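*Asks:* As a plain string of letters, each chain reads:
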Amino acid sequence: MEVAKGYIYSDTELDRYEGEVIEALKERSREPIPDPDKWLDEELGQNILLTTVDTILNWARRSSLWPVISFPACCAFEFLGAASPRFDISRFGMEIIRASPRQADLMITAGTLTWKMAPQIRRLYDQMAEPKWVIAMGACGISGGIFKGSYSVVPGYNRIVPVDVYVPGCPPRPETLLYGIEMLRKKINKRSIITGGKQ
Amino acid sequence: MTAALSGSEIAAKLKKKFAEGIVEVSQNSLVVKSEFLLAIASFLKTTPRLNLNYLVHITAVDYHDYFELVYQLMSLKHNHSLLIKTRCYDRDAPSVPSVVSLWRGADFQEREIFDLMGIRFDGHPNMKRIFLWEGFEGHPLRKDFQ
Numbered sequence: 108m109e110v111a112k113g114y115i116y117s118d119t120e121l122d123r124y125e126g127e128v129i130e131a132l133k134e135r136s137r138e139p140i141p142d143p144d145k146w147l148d149e150e151l152g153q154n155i156l157l158t159t160v161d162t163i164l165n166w167a168r169r170s171s172l173w174p175v176i177s178f179p180a181c182c183a184f185e186f187l188g189a190a191s192p193r194f195d196i197s198r199f200g201m202e203i204i205r206a207s208p209r210q211a212d213l214m215i216t217a218g219t220l221t222w223k224m225a226p227q228i229r230r231l232y233d234q235m236a237e238p239k240w241v242i243a244m245g246a247c248g249i250s251g252g253i254f255k256g257s258y259s260v261v262p263g264y265n266r267i268v269p270v271d272v273y274v275p276g277c278p279p280r281p282e283t284l285l286y287g288i289e290m291l292r293k294k295i296n297k298r299s300i301i302t303g304g305k306q
Numbered sequence: 582m583t584a585a586l587s588g589s590e591i592a593a594k595l596k597k598k599f600a601e602g603i604v605e606v607s608q609n610s611l612v613v614k615s616e617f618l619l620a621i622a623s624f625l626k627t628t629p630r631l632n633l634n635y636l637v638h639i640t641a642v643d644y645h646d647y648f649e650l651v652y653q654l655m656s657l658k659h660n661h662s663l664l665i666k667t668r669c670y671d672r673d674a675p676s677v678p679s680v681v682s683l684w685r686g687a688d689f690q691e692r693e694i695f696d697l698m699g700i701r702f703d704g705h706p707n708m709k710r711i712f713l714w715e716g717f718e719g720h721p722l723r724k725d726f727q
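From first to last, the protein sequence lines are chains A and B. My numbering puts the first residue of the first sequence at 108, with every later residue one more than the last. My numbering puts the first residue of the second sequence at 582, with every later residue one more than the last.
Think of the hints as simulated: they come from the structure by calculation, not from any bench. For clarity, every value in this text was computed on a predicted model and none was experimentally measured. Fair warning: there could be bad hints in the mix.
[Claimed, not checked] Which chain B residues face chain A? A few, computed with CB under 10 Å, are given here:
| id | residue |
| --- | --- |
| 1 | G704 |
| 2 | P706 |
| 3 | M708 |
| 4 | F712 |
| 5 | F717 |
By construction, the Cβ of each residue, glycine as well, lies at the ideal position given by its N, Cα and C atoms.
Here chain A stands alone, though its shape is the one from the complex:
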């Protein structure tokens, strides 16, 4: 039934139209509604995930943190302990410790930094590709530690490079470092491309 717009019609006509709509729906309901994903083959249908760009980027970044080799002093041994099978940072996709800062995105500052060495550390940091993070490991990395008053020691890496996570200890045990890495992973997970990486 065609009902022209603006036509003033009687109640019976409306009722009849309603009845026709219901009858048509009832007629169609005898057949099952076709699956809208039917055009996908079975295997492909199970392998599509929908997500946001932020989620996928953050997942990729936090799961492949590659540390650069920049271990100026003794905390390095605790880092090596963390890297070797007992503590095994390869669980986090971190076992590839890069000799080139251009392939790394994490700097673990394991050890005392002297002013003579500071330009090299800054240079390593500058050569790392964005996005990049720094974990200040150990008392010397945080504040210069027991060498704080020395004429030759930098009182904390944050005078040279921006630091994301501070891991205290002298030296920190590998468990502590793993906890620090976990904190950094949580921090990375909060990044958003909308804010340009800021949280």
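Starting from the known structure of chain A, arrange chain B on it as the hints suggest.
*Replies:* Quick look at chain B alone, frame taken from chain A:
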């Protein structure tokens, strides 16, 4: 085990040639005047019976009134060693003769002493700082630093 030569025994041997160069003698060391250092060191190195041909280390001590330089010498042939010292009283511009011409191993150690204690070594081929950077003020291992 390396035998430590007695300072007084060596002093007795040096007496003939360097009588006025010897300041103090003790059982295990020998203090010489810095003007005679090079001559005495050369004598100790070249005399066949002593043949102190290896410089183990040089170090410097700040005694407030003077600096004392300590040289540990050793003979690889006779397996004996000797400690000789020299003193330097000028606090503003201290200098002693360099022994690089006798023992090449003294090169970096003398630069280290210059860097941290501020003692110049006359005759050193490359007398400049080794640990600290150019422009660092003062010599940090001096007792009156900062």
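*Asks:* Evaluate each hint against the coordinates.
*Replies:* Quick rundown of the hints versus the structure:
no.	hint	verdict
1	G704	violated, 27 Å
2	P706	violated, 22 Å
3	M708	violated, 19 Å
4	F712	holds, 7 Å
5	F717	holds, 8 Å
When held up to the earlier numbered hints, the structure conflicts with 1, 2, 3 and fits the remainder.
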